[in-house]
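Visitor: Hey, can you work out the whole structure from these sequences and the hints?
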Amino acid sequence: MSLVIDSITKRFGPVVALDGVSFSVEPGRIFGLLGANGAGKTTCMRIVLDILRADAGSITWEGRSNIELPRRTWGYLPEERGLYLRMKVIEVLSFFASLYGVKPAAATAEVEDWLERFRIPQYRDRKVEELSKGNQQKIQFIAAILHDPAVLIMDEPFTGLDPVNVQLLKEAFLEMRDRGKTLIFSTHQMETVEELCESIAIIDAGKVVVSGTVRDVKRGMGRQVVRFATDGDTDEVAWLDGLDGVRITAHREDYVELAVPTGTDPERILRAALDRGQRVTRFEIGEPSLEEIFIEHVGRPADVEEERHLASSGKAPAREAKP
Amino acid sequence: MSDLFPNAWHIARREYLTRVRSRTFVIVTVLLALLGVGVAMLPVVGRLIGGDQTVAIAVHADDRTLQSTTVATLKLILNASEGATAYKVTGANDAAAAAAEVRSGKLKGLLTVTRGASGELSFDALTDAGPTDQRLFAVRQAVTQLNIGDRLQRAGIDPSQAGQIFAVTAFKVTPTNPSAHQPQDVLASAYILSMAMVILTFMAVITYGVWVATSVAEEKSSRVMELLVTAATPRQLLAGKVIGTGAAGLTQYVAVVVAAMAGLLLQGQVARLVLGDTRGASLEGLSLWVLAPFGVFFIGGFALYCILYAGLGSMASRQEDVQQVTGPMIVIGMVGYFAAFAAVNVPDATWVQWASLVPFFSPYMLPMRLLLATVAPWEWVAAAVLMVLFIAGALWIAARLYSAGVLLYGQRMGIRAVWRATRVHR
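Chains as they are written, first to last, in the working numbering: chain A, 1 to 323; chain B, 1 to 426.
No lab work stands behind these hints, which were simulated from the structure alone. A hint or two may mislead.
[What the hints assert, rightly or not] If the Cβ cut is set under 7 Å, some of the chain A residues that face chain B in the computed set are:
| no. | residue |
| --- | --- |
| 1 | I51 |
| 2 | Y76 |
| 3 | P78 |
| 4 | L99 |
[Stated by the list, open to error] The calculated lysine to aspartate or glutamate pairs, modelled on DMTMM-like cross-linking and capped at a C-alpha distance of 20 Å, are:
| no. | chain 1 | residue 1 | chain 2 | residue 2 |
| --- | --- | --- | --- | --- |
| 5 | A | K88 | B | E218 |
| 6 | A | K103 | B | D124 |
| 7 | A | K88 | A | E110 |
| 8 | B | K88 | B | D124 |
| 9 | A | K133 | A | D148 |
| 10 | A | K127 | B | D3 |
| 11 | A | K218 | A | D231 |
| 12 | A | K170 | A | E110 |
| 13 | A | K181 | A | D148 |
Ideal placement from N, C-alpha and C gives every residue a C-beta, glycine not left out.
Guide: Structure follows, in structure tokens:
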């Protein structure tokens, strides 16, 4: 009864955009799709929405192929925001709702409800172009959900929002989940994923490198993380390296992060420190963060690629032909 | 096709309303309508500015009686053929003064009449008109008639008998192919009407076709497209776009054409008000029998061009690229345009017959042949069937270009590149 993406392959000429991508999304959950730019997230979403067709593989929702499913099954928030700028907010939203067969009166009531929720009821009759980028994005979100879709697919929904609006959008996500909707979104912001998502998939270069519930993904890393500090200089912890497979993974301002293999008891570190006569000021056993998991699987942070991409190409016009 | 509505309707409605409500649309439409009326009124305006077109001629004879009878007779003969008061004939007692007036341009000519010793009349015309001048020719004819009358009188023929001699000769023209050849004045009018239809169709197709293409490119560049293609099928989008933009274009077009037609038909009344005469233009041959097929084929051709324009427009990433990607349509339009200009002189030619069946050209070639020659019933049927087939084909091709093109951004793409990208779809 879930959304199953099964062995999707998609080529654009010589470029393999997706190479046997498989993962599944449980209904009524929030799912995070992680990956650097160009990893294949957008292509994957477009194939689910049947804007593009895969060269191989299948997609089913509640057992039915996505090709047969009615369009109103899906709500979509594209990465490139686009609305009719010269139309009034209420007109644009009613128009998109009408394409999904929503009656104008019902659409209007729903729009007013959501504008209220997003704290922008005064923009109902304003032209879209008069709104700030952040507010336009909220309008775009409303456009995606007016027809009450079972599955919401959102490409980078948090990009370009200020913290207040990020919070409002997160609340909207939880609201939709509580209404029984399934949400899938892609992002670079790992904290948001940690906060909202039950399950994730990390895509790199058209392949799923890891997927599953966040907890399983973290446990699957085969190590724990220990954050450790003494009252001495952080340089004095070099002895830790090599202790029963323990590795120093990061030197922070006032502590070090250690990777401890699952077979090793972290308390051994504490004991060894005490034996050396050091005063331990911080000792914390945790799971690796998604950020670390991402870097470990992909080889670089998720937003590095993004920054380079934006800096080099500006925006849309110069972009590669990437359907 | 059954899934086209209601979504195509929603899209068309949005498209139409946004366009028609825009200030640019209203201003441009009003200006064009005024221009249409202005062009239609041009002849009246021209006559108003050009002033009195009456030709003034003076007649001088040393014999005052001869002078006055000549004046009276010339007045009668000249104005009988031209109607109204085209010639103003006056007697001039002072020949030198009248000659001076001719030289200064106040008079068109001075006719000096003298009776020779034999009693024969001779005429001497002083004028700046060339030997081929229509008016000089008319005066010469009138003078010949006058002279014959004078000879008859001197020969003792009774004036009432003379009237019989001058009665209009019965002369009838029987064409070899009565349906093909129409009287000269009707033909001239039909010719003008044909060219008007060619030009009006060409302009409508090119202007509003580009509207459609631009609006598709606009949706791409503003990225609304991605949302649209998840909400509606390419065929719904395409049909809605063509119907909406096309209807807005037709609204403007009809407003302008109706204004111009009204101007043309009211020309007579306006002329009477302003100039005091009734010489207006009438459009001979403009009947329902010509307008109805023209209207039907115009709509068909308009749809055909707009659909293809929309398909090609989807290949442009930005509005600047629209001109380039829609180039092929301009070429097709121009071919038809020039072909029509060639065809108007040989409406019976075989190549014109075949060309007039081609859907890209039939909207103006068929009514043209209807006006200038004949169109067989089977040709109407064939042209209509071809038009429907071409529209269906265009819709298919354009939808395919559209579904691939709308998500392709980047470098300009050739048709072949896009075609290869169209293995997807619906």
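Visitor: The structure should be examined with respect to each hint, and the outcome stated for every one.
Guide: Tested hints:
1. I51: holds, 5 Å
2. Y76: Holds: closest Cβ of chain B sits about 5 Å from Y76/A, inside 7 Å.
3. P78: Status holds, d = 4 Å.
4. L99: holds, 4 Å
5. K88/A to E218/B: Holds: K88/A and E218/B sit about 18 Å apart, inside 20 Å.
6. K103/A to D124/B: violated, 90 Å
7. K88/A to E110/A: Distance ~16 Å between K88/A and E110/A Cα, so the pair holds.
8. K88/B to D124/B: Holds: K88/B and D124/B sit about 18 Å apart, inside 20 Å.
9. K133/A to D148/A: This hinted pair is violated, its Cα atoms lying about 24 Å apart.
10. K127/A to D3/B: violated, 31 Å
11. K218/A to D231/A: Since the Cα atoms of K218/A and D231/A sit roughly 30 Å apart, the hinted pair is violated (cutoff 20 Å).
12. K170/A to E110/A: holds, 19 Å
13. K181/A to D148/A: holds, 9 Å
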